Amino acid sequence: MGPQTTTAGGTAAGPVRVVLVDDHRMFRTGVRAELTDAMAAGGVPVCEFVGEAPDVDTAVAVIRAERPDVVLLDVHLPGGSGNGGVDVIHGCFGVETPTGAPVRFLALSVSDAAEDVIAVIRAGARGYVTKTIGARDLITAIRRVADGDAVFSPRLAGFVLDAFGAAAGEIAEVDEELDRLSAREREVMRLIARGYQYKEVAKELFISVKTVETHVSSVLRKLQLSSRHELTAWAMGRRLL
Amino acid sequence: MPTPYEPATHGRPPPGLGPEPGPDAGGYALPPGAPPAPAGGARPERAPRPPLVRARSRGWTPGVSAAVARHLGISVRAVRLGFVLLTIAGGAGIAAYVFLWALTPEEDLTIDPAAGAPAQPLPERRQWGVVIAVGVVLLVVGAVLVTPAVGGSGLGSVLVPLFTIAVGAIVAWSNLDDAQRSRWLGSGAGRYGWMRVALGAGLTVAGILVLVTRGASVSAAWDALLAAVAVLVGALIIAAPWALRLWGDLRREQVAAARATERADIAAHLHDSVLQTLALIQRQSGDAAAVTRLARAQERELRSWLYDGPQGSQSTLAAAVTEVAHDVEDVHGVPVDLVVTGDRPYEPHGAALTQAMREALVNAVRHGRPPVTAYVEIGPDGVEAFVRDRGDGFDLDAVPTDRLGVRQSVLGRMERHGGTARVRRRDDGTEVELRLPPLDGGA
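If you're matching them up, the sequences are chains A and B in order.
The first sequence begins at 0 in numbering that gives the first Met the number 0 and counts up by one.
The second sequence begins at 0 in numbering that gives the first Met the number 0 and counts up by one.
Derived from the structure by calculation, the hints contain no laboratory data.
Everything numeric in this text was worked out from a predicted model, so none of it was measured.
We put the CB at the ideal spot given by N, CA and C, even for glycine.
Errors might be hidden in some of the hints.
What the hints assert, rightly or not - Here chain B is said to cover these stretches of chain A; the calculated rule only asks that three of the stretch's residues, wherever they fall, bring their Cβ under 8 Å from a Cβ of chain B:
1) 83–93
2) 181–193
Unchecked claim - Residues of chain A placed beyond 10 Å of chain B at every Cβ, according to the derived structure:
3) 24
4) 26
5) 41
6) 60
7) 161
8) 206
Stated by the list, open to error - Below, a sample of chain B positions facing chain A; criterion: calculated Cβ distance under 10 Å:
9) 338
10) 339
11) 376
12) 378
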């Protein structure tokens, strides 16, 4: 299936072309092996590794050359101006895949620190998962990010609820308000924080999976654009503003 | 079952783990240049003696005699007598005393009466009495020495200024002891310290002037004073750049030393935690469950050390539920993914919820399949906790009695505290929901 990838229309047809950026060679090898095994077991080659990089500068070069659909991006990386994954995202601004879609980033990190997570999300990553994620969940996440949807780990959902004051009961009057979550978005975030998959969230709230994805994407947008105090404080901590 | 791993240290490692040099390495022997300790003439031996350090704030003497006595294990009286005898026999006692004073480090010691030292300083009134008596005696002696009628003019005109210089120097230096404590007048009794320095310097300068201009007129003394000040100012101007650079170097060195200490702390912590765990993992590499548990416990410990800072008292609900989740993880070796939002003080209702949540978690890791996830939301509308596992689901009627008992203890506990508990069976597992109403008086 490999040779067809460059001509695959959009992301739904062929395998997702993935670049893996992490400074630990052992981790890169492990992820590749795990995903390859999982895909072999599943019978469908969902993604294809087209490159990897151990630091910021190599990563930017590889991504600009390969123009992958999805970049699996470690938050902490050597090189660049010292901001790790954030520098990679900034360095690849405007790079598009051969089919014209933007290159999408999925943050993959061991860090639980709020400012790290918020920093890569605000820089433009489409999602955040921890490195302890299972292979099948990771494949789902890659697929989802390639389709332009957002991927939240339970912990990121917890951060969001905290940061937007949703846990304390602050709810947006209108959905468009950037500094607060809507009631529905809050429900979705709460269920994700409880460890629900999108499918389960949809079932629980009697909505479609597509609607769940829409809500999550909307939360991601708010996370990236909001000027809410907690978010900006976190971002300031990483000298992003 | 292998021994459970115990994290060696939870917060920062205690000071002293790092390779800092001992605080008073020089205190165990007489400083070089100091004359042999007087009484008995016996050189102190290194082995079992207490270090030669002076106790802080021991009255109005610098505590040299007591320090020597403690170090040599003889009575203070004997040491004092030795000093006095040496002083009479040519003044060596004074030199020895001053050297010892200048070179003996000062520390906070708890004085035990058994050491032979007077345990309590003199009461204040008596202290002042002593000071006044000594002053009067000195005045009389000085007057006698200076007054030509008594025949001591020649000697007195040298001795009195010398004595003044000595007293001034002692007063100024005595401030050093305190300054070590308050980091060069940085805080505390700063004003008093400056006064002492000024008084000491004034006495010393006056003594020097009197000594130098002995027998000359007042105007000559004035000229000498002006000349001295001019020379001093000139020296200051010349020395200023060097002094500044020296100061800068000193600061840089201090910063570097602080960094080195920090690095040593980190190294010590990593050694106590990560390296030990890695060693354990290598030894138990055959036991997958043990390896997972060790890795997980170590990861958590390191994470909390890196991101949470020193562990405080577990006085909030969020901290309490986190601790419970970690406990369950450690005991059963199944990872628990916990997310907590919000926080509130730890009180009996919260404690009940924490206990109920522990039961639910234990249930989940025992009967369900990982991943076990838990979410606790602490808000103004109360507390909600969810514990979820991915078991095959179970028939509520067919559950073993122990599990039913657990469930009732969860339910009963929550209801006693005005909350609710619900067990939901899902397609792929079970979810326990615990709810608490808001605290009274809460928003």
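Checked hints:
A stretch counts as covered by a chain when three or more of its residues have a beta carbon under 8 Å from one of that chain; for the region 83–93 of chain A and chain B the count is 0, and the coverage is violated. A count of 3 residues in the region 181–193 of chain A with a Cβ less than 8 Å from any Cβ of chain B is obtained; the coverage claim is therefore met, three being the minimum. Against chain B, the non-interface label of residue 24 of chain A holds: every CB pair exceeds 10 Å, the least being about 18 Å. At roughly 14 Å, the least C-beta separation between residue 26 of chain A and chain B is larger than 10 Å, which holds for a residue marked as non-interface.
With 10 Å as the threshold on Cβ separation, the claim that residue 41 of chain A sits away from chain B holds: the shortest Cβ distance comes to roughly 18 Å. The beta carbon of residue 60 of chain A sits about 31 Å from the closest Cβ of chain B, which is more than 10 Å, so the claim that it is off the interface holds. With a closest Cβ-Cβ approach of about 5 Å to chain B, residue 161 of chain A is found to fall inside the 10 Å limit, against its non-interface label. The beta carbon of residue 206 of chain A sits about 17 Å from the closest Cβ of chain B, which is more than 10 Å, so the claim that it is off the interface holds.
Taking 10 Å as the C-beta cut-off, the interface hint given for residue 338 of chain B holds, the closest approach to chain A being about 4 Å. Contact between residue 339 of chain B and chain A, as hinted, is supported at the beta carbon level, the nearest pair being about 7 Å apart and thus within 10 Å. Residue-level restraint check for residue 376 of chain B holds (minimum Cβ-Cβ distance to chain A is 5 Å; threshold 10 Å). With its C-beta approaching chain A no nearer than about 5 Å, residue 378 of chain B sits inside the 10 Å limit, and its interface hint holds.
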